[in-house]
Amino acid sequence: MTFLQPLALFGLLLAFAPIVIHLLNLLRHRTQPWAATRFLFQARKSSSRISKLKRWITLLFRMLALAALAFMIARPMTGGDSLFSFSSGSPEVLVLILDRSASMETRTEKDPRTKRTKALDAFESFAKPWTESRLVVIDTALEDPFFIDKADSLKDEALERFFGPTDTSADLPGTLFKTLDWLEKSGVGTAEILLASDMQTSNWKLDRNSEVMQKINAILTEKKDLWKLNLLNLNDSAPYNFSLTIDRINRRPGRIEPIVNLCKNGRGNEMIQLSINTNGSPEIVDLQLPSESMLWRPKVDLKNEPEEGWISILGPDDFCPTDNVCFLTYGLTTPPQAAVRAFNPRANLVLRSASQSELGKVADALPLNALNEKGLLFRKVLIHQGKINEKDEKILQDFTLNGGTLVLFPPESVNSPNSGFLSWGELEKTDEKEYFQISGWRRESGLLANSSDGNRLPLDRLNIKMRRIPTQGEPLAYYSDGKPFLTSMTVGQGVVYAFSTLPLKAWSELDNGYVLVPALQRLIEETSSSYSLTQSWACGGKESKEAELFELIDEENGKVPSLHAGIYRIDGRLTAVNRPQEENERRFLENEEIIGQLPGISPRLMEDENSSDSTNRSEIWSFFLILCLVLLLGEAFLGQPAPASPGKAVSTHA
Amino acid sequence: MARRRKTYFHYVDQDSLSRISGEPLLTPFPMEGSVSGHHRSPHKGSSVEFAEYREYTPGEDPRRMDWRVFARTDRYYLKEFEAETNLRGQFVLDCSGSMSFGTPASKFEYAKKLISTLSYLYVGQGDAVGLHTLRHKKPQVLPAKRNPSQVQEMLEILGPLKPKGETLLASSLHEIAESVRMRGMIFIVSDMLEDPGDIMDAVLHLRDRKHEVVLFHLFDPQELDFTFDRPTRFVDLEGAGSLITEPTVIREEYLARLNEHVQELRQGCLESQARYHLVRTDSPLVDVIDDFSSGRIGGKAA
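As given, the protein sequences belong to chains A and B, one line each in that order.
One point on numbering: in my numbering, the residue at position 499 of the first sequence is 499, and numbering is uninterrupted.
Positions in the second sequence are counted from 1; adding 654 to them yields my numbering.
No lab work stands behind these hints, which were simulated from the structure alone.
Check the hints yourself; a few may be wrong.
Straight-line alpha carbon distances no greater than 20 Å define the calculated SDA-like cross-link-like pairs of lysine to any residue that follow [as the list claims (entries may be wrong)]:
hint, chain 1, residue 1, chain 2, residue 2
1, A, K52, B, D883
2, A, K45, B, P885
3, A, K542, A, V560
4, B, K816, A, E270
5, A, K52, B, L897
6, A, K54, B, K816
7, A, K54, B, E900
8, A, K387, A, P253
Using the sequences provided together with the hints, build the complete structure.
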């Protein structure tokens, strides 16, 4: 509990006034000659304990009433660390860490306000008692401190760019850490930090951000009495929500076939209307949505459309409008020239055939002697089998760091030295008529995902006789003994995939193509967009933030690629900016999970409610006013002279 | 020039006299008097009230023989009549310090008026009245007489009398019971601030002596209501110390004790056939006399 007028607490001395008055009264007694003193002595002697208790309670009530009055004038506030904190309670700075991710635009059936608006309202109430503090807002999209004069100005339309809705994701640990860093650099003494978020799991990524959370914990522990963290958890889920995201785009001659992932929650089988807007020409499509999730493959005819253009798909309105739309672009593409460098001739042939282009051209073969940087120029995919010497390793590393995709197959020779780039385990063989079997793989996305018809790749039918397990990377498929069959590893802007076996009869049945061809073709298709004249970005990503010169193509005005999804022309390239995939996450963290990451402090938890009641820092003078009145009433009741009860009054009649 | 003698006749309440005067105040108990009067006597006498027939025993006065009965039955019978005599009233006044309490008039002053007025009424109807003042030093006893000047003598005693000292009621009443031999009427005028048991023992002693006992229990209104509202130091008028207290705190208990005291006296009087009158000193004396005389005026006393 803190006080806005702590000087008024000196009024607590007034609480002793009833005792002083009582003593003075005893000194100022009047003298009364009396005849029937025998009854007085008897009465005092046998005066019941209740009477004495009543007198002391009356005195206590008077004292408490005066104390409550003093507290009321001191304007107490709830939410202090200790019960009585005799400070003026005004920190130097009040900071709002505002989660502006797309999921914060969700609202509930009862409350028309979005979570972001609730957060702004909560900050307004939060800041109300501290009129002398400076107000700073740091949002997750811009991550820059923004000073404001009044908390109620947060919802001004002129400031919508800074506090309005976005289609971005959020990195809350990062933003919190930056906030603390800014407070440190600015030399702020005392600060109250209000972190308002729906606590979407993907916005915290606690598993990856454990180091950042440890730093945050260390800083806040060090500044325990100065910087105080308040958490406002706004994790109310929408009663009904429909969302759509583009899973993949298949380009066919004369048309485009986006694969759209439709999700919903809260309603059963229903007919929905989708609007497909092709270069500004909308077309309404009715679609039956029987389950919570389905893949939809509309075919958009581009025969009468320009060679380069854009498409937006808009779903029906619901309680979270930011995930009802997605954007894509199309244009002339220059398919990447996939290259193969395999030391085994048979493997070289198989890999080149499996990675041929749409036009049926087999992939180029790179010379087996020293790798040439020029040979990798304009290449996006390199399939490599065999040993890697130090010089090659450097070239391949640069290739992946600059965004290239490298697919590695293990060297045949057991004696081949492991490179530092990627190492392989010992060669493992099975007995005759026994095989290594693949038991699990990622079927929902990636290279080994199910086909568009929903059929899975026959990985479990692959018979593998020999293998060398890659020791690095995240498994995408694994054997029945738990060892990885295929791994992926991000290096710089590129990705390194590593298979554990070779497409050779002696090694495995990978050369039959049922698994190898779709996997390599998907890889090539994924990377082809980078070579297109059009491109697709995640809203709020690094590229979108760096885009300074842009032209808004779709109809809405006032949008910027770093904050809003849409179609832009950036650096001459048509660019579709979409809400990040992680915003589709439907899991939210509980307060305990966040508090568990901050063991050194005890963040105050604030309730998700409307207006001033939503904060646990509010003036509670009204409580003391009521308490004072109740005590005075009690005192008046106890202080009433005892009524002359008929049974005890002395009757003058016989 | 002769000094003008101070008179105390103002103690006799004129309103009471005008209300009661002309009607005799009777007593329900037989009284032993020296002369003929209005009150029933335990002896047979020559009044007009027939009492009984009784067979003649030789040696008795033959004048009281009923010759008509002898003529009819040839047997000797005596015809007896009720004797009517006067009353000997003894007023007992408590002169202890506690009787000085009360505003505007003290209980003692009220007691003087009560005694003076009743004395006047009884002497007026031919009864004898006497006075006992109970005090530590120089207790005064005025024997009962029926002279008209008796009232004046009583007033002479009562007028200058001041209350002082401790209460000696119970012990004094025992002494009176022993000293007054002829049955009569004992008026006790006091605030009864003694143990009720002791007082009732004394009353029973008086009743054993065939006296009719009447208690006038005087209270000032402040004693009955106890309406003090601020800390007060109560100083005992009989020197039993003082007490500082918050009246509102002990009021309930005080009234309970007072009530208990009164009830004990009232119950004791009821059991011993004594009359009890609780008197508020703010009530007009005529009402008290009226209350006392109810059932005693005209015809037979209740």
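Flag every earlier hint the structure violates by its number, smallest first.
When the structure is compared with the hints, numbers 4, 6 and 8 turn out to be violated.
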